[in-house]
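Trainee: Start from the sequences and build out the full structure, keeping to the hints where you can.
The opening residue of the sequence shown carries number 653 in our numbering; numbering runs sequentially from there.
Rather than coming from a laboratory, the hints here were simulated on the basis of the structure.
Any given hint could turn out to be false.
Claimed, not checked - The list that follows gives simulated cross-link-like pairs (lysine to aspartate or glutamate, DMTMM-like), each with its CA atoms no further than 25 Å apart:
#1 K728 / E818
#2 K1100 / D1158
#3 K1177 / E1128
#4 K1001 / D860
#5 K1001 / E1015
#6 K1220 / D1158
#7 K1001 / E818
#8 K1220 / E1011
#9 K855 / D993
#10 K966 / D983
#11 K1220 / E1208
#12 K1220 / D1156
#13 K874 / D977
#14 K874 / E1005
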Amino acid sequence: MTTTTTTRDGGEAILEAFRNLGIDYIISSPGSEWAPVWEALARQQINETPGPRYINCWHETLAVNIASGYTRVTGKMQAVLLHAGVGLLQGSMGIQGAVVGEVPMLVCSGEAISYGEDPEIDPQAQWYRNLSVVGGPDRFANAFTKWSGKATSPHTLYEQLVRAGELAQRVPQGPTFLDIPIETMIHDWTPGSKMRMVAGAPKTRPADEDIAGLAELVARSKSPLIITDSAGREVAGFNNLVALAELFAIPVVESAALYANFPKSHPLYLGGQSERYLNQADLVILAGSRAPWYPPQAGPQHATVVAMGETTIKEYMVYQNLFADRYVEGDLTLGLGLLADALRPETEKQQAEIAARRERVSEEHDRLAEATYAAESATSGSSPIDPAWLGAALSEVMPEDVVYAEEVTTHRPAVGRHVRWDRPQSYYKTNGGLGQGLGLALGVKLAKRDQPVVALMGDGGFLYNPVTQCFGVACEADLPFLTVLYNNGGYEAMRGNHLAYYPDGDAAQSGIWHGVHIPGPDYAKLVEPFGGYGERVDDPAQLHQALRNGLAAVQEGRIALIDVVLNK
653 MTTTTTTRDG GEAILEAFRN LGIDYIISSP GSEWAPVWEA LARQQINETP GPRYINCWHE
713 TLAVNIASGY TRVTGKMQAV LLHAGVGLLQ GSMGIQGAVV GEVPMLVCSG EAISYGEDPE
773 IDPQAQWYRN LSVVGGPDRF ANAFTKWSGK ATSPHTLYEQ LVRAGELAQR VPQGPTFLDI
833 PIETMIHDWT PGSKMRMVAG APKTRPADED IAGLAELVAR SKSPLIITDS AGREVAGFNN
893 LVALAELFAI PVVESAALYA NFPKSHPLYL GGQSERYLNQ ADLVILAGSR APWYPPQAGP
953 QHATVVAMGE TTIKEYMVYQ NLFADRYVEG DLTLGLGLLA DALRPETEKQ QAEIAARRER
1013 VSEEHDRLAE ATYAAESATS GSSPIDPAWL GAALSEVMPE DVVYAEEVTT HRPAVGRHVR
1073 WDRPQSYYKT NGGLGQGLGL ALGVKLAKRD QPVVALMGDG GFLYNPVTQC FGVACEADLP
1133 FLTVLYNNGG YEAMRGNHLA YYPDGDAAQS GIWHGVHIPG PDYAKLVEPF GGYGERVDDP
1193 AQLHQALRNG LAAVQEGRIA LIDVVLNK
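Mentor: Below, the structure is given as structure tokens:
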């Protein structure tokens, strides 16, 4: 079957731009303005034309988060279609999270500009009565995107979309937005004289003299240290960091990690608390680390600090203090590889020093590991379940190829310490505000359909997510995943902050807390309407089996939720 339609309109221009930008998915919480795109997608399917596939979402932030998760795994920008200004605002938290995470994304929403006064097109009354935005939706988007604009004509629509996509992929990467009026989309469109696949953004290479200077510092250093939060953004970045660390026996610490950056079982891995090692180091390399210690003035007092990465100074941060003495700016993955190459000739000259440092760091790694295992063993009988024991159980039950998408707050240190992973692309942390973890998990699953994906969620953060929409899309798009709920029955971060400000205050003395307790539902039952498997567990002896049950359900193609009741 082939379509008999011969005319092309703005919907085809949009789809052709997405094709030529290499977009795999159009992810949308659909709106009535997008009929021209739906028509073009139908024509694409009828004609069996290669092009992006459509994923139907039930919530705007969810659509953005799925796109973000997919891109964080694949490195490929995706397209998100939202509805008018209201849908754009609903998705704004996810879009702002993509800014913070430097995730490229092409976001579009529509509007009507004739309001029913054009006798040849009726956009329907809602655009006149309810949906119009003074100044246009791009006025909203300007506050939380890298760049925003408006399609000014059907004759410029295609190239404006291509340019927005190209801008999204330039450093610093981030979401761009284009407002596309219905009247522009419905208008006839004639392809330009030169239609082409759009070239990808080039990578920036660190200057040779900067690499050489840093290599000299490393060669002279007696106690170097690497701190990272995002070296594992690319698989090659993970591998290059491992190669560099092994070459000169440099210990690696993760500070507020956003990715799996280094194998946790590696003898050069020293956990997630950079502060304990800062003043033992004479050289600190910030390998993609936006906030390597806290508070900001707690940085190393005697070490030379070198910041590496494409965007070491973050435009989205109001305040940042890296203590940097030097910068090696350019693609981080490439920079780590170049630094290792520059250092190889030095290894023969320093074999004894490197071996001695390797032994010292390995002993510290073993000491940390023993303390971790001891904490897990000491809490193995706690009922309700201790977060340390939950981390140990996850590490034992989950297969080696598991991928974690994490959105916890109070228990984040416990996740970092007790949930083990050694592979690249095995851990992703949400960016920005709470309410995005389930969508992140779905996006990761979309990119890794053959691997188990586990969303680690605090009960407070879980309730900020569009839960039913996430579970519904998981079923509709065939993206089964497991949710493990860290359930302490409250917003413990609220209580902790309150006590920090008022340790002897009236709330502390009376036990009267506001904004702390969560009288939550029976979480395990929330997956039942979607044919999922749910289980609540508070007995540590039953925890491993409960996790196995959830994993088995996912392997059968169902979503699952294990509600783990915690003691703190």
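Trainee: Take the hints in turn and mark each one as holding or not.
Mentor: Hints versus structure:
Restraint check for K728 and E818: the C-alpha separation of about 12 Å stays at or below 25 Å, so the hint holds. This hinted pair does not check out: K1100 and D1158 have alpha carbons roughly 50 Å apart, beyond 25 Å. Between the alpha carbons of K1177 and E1128 the distance comes to roughly 19 Å, so the proposed pair stays at or under 25 Å and holds. Between K1001 and D860 the CA atoms are separated by roughly 22 Å; this keeps the pair inside 25 Å, and the hint holds.
For the hint pairing K1001 with E1015, the CA-to-CA distance comes to about 24 Å; that is within 25 Å, so the pair holds. For the hint pairing K1220 with D1158, the CA-to-CA distance comes to about 22 Å; that is within 25 Å, so the pair holds. Only pairs whose Cα atoms come within 25 Å are accepted, and K1001 paired with E818 is rejected, the gap being roughly 46 Å. Simply put, K1220 and E1011 have alpha-carbon atoms about 37 Å apart, too far for the 25 Å limit, and the pair is violated.
Proposed proximity of K855 and D993 is supported: the alpha carbons are some 18 Å apart, at most 25 Å. Using a Cα cut-off of 25 Å, the hinted pair K966 and D983 holds, with the two alpha carbons roughly 15 Å apart. Distance hint between K1220 and E1208 is unfulfilled; the C-alpha atoms sit about 33 Å from each other, more than 25 Å. Our distance criterion of 25 Å between C-alpha atoms is met by K1220 and D1156, whose separation comes to about 21 Å.
Distance check on the hinted pair: K874 and D977 sit about 18 Å apart at the alpha-carbon level, within 25 Å; holds. Taken as a hint, the K874 and E1005 pair is honoured in the structure, with Cα atoms around 8 Å apart against an allowance of 25 Å.
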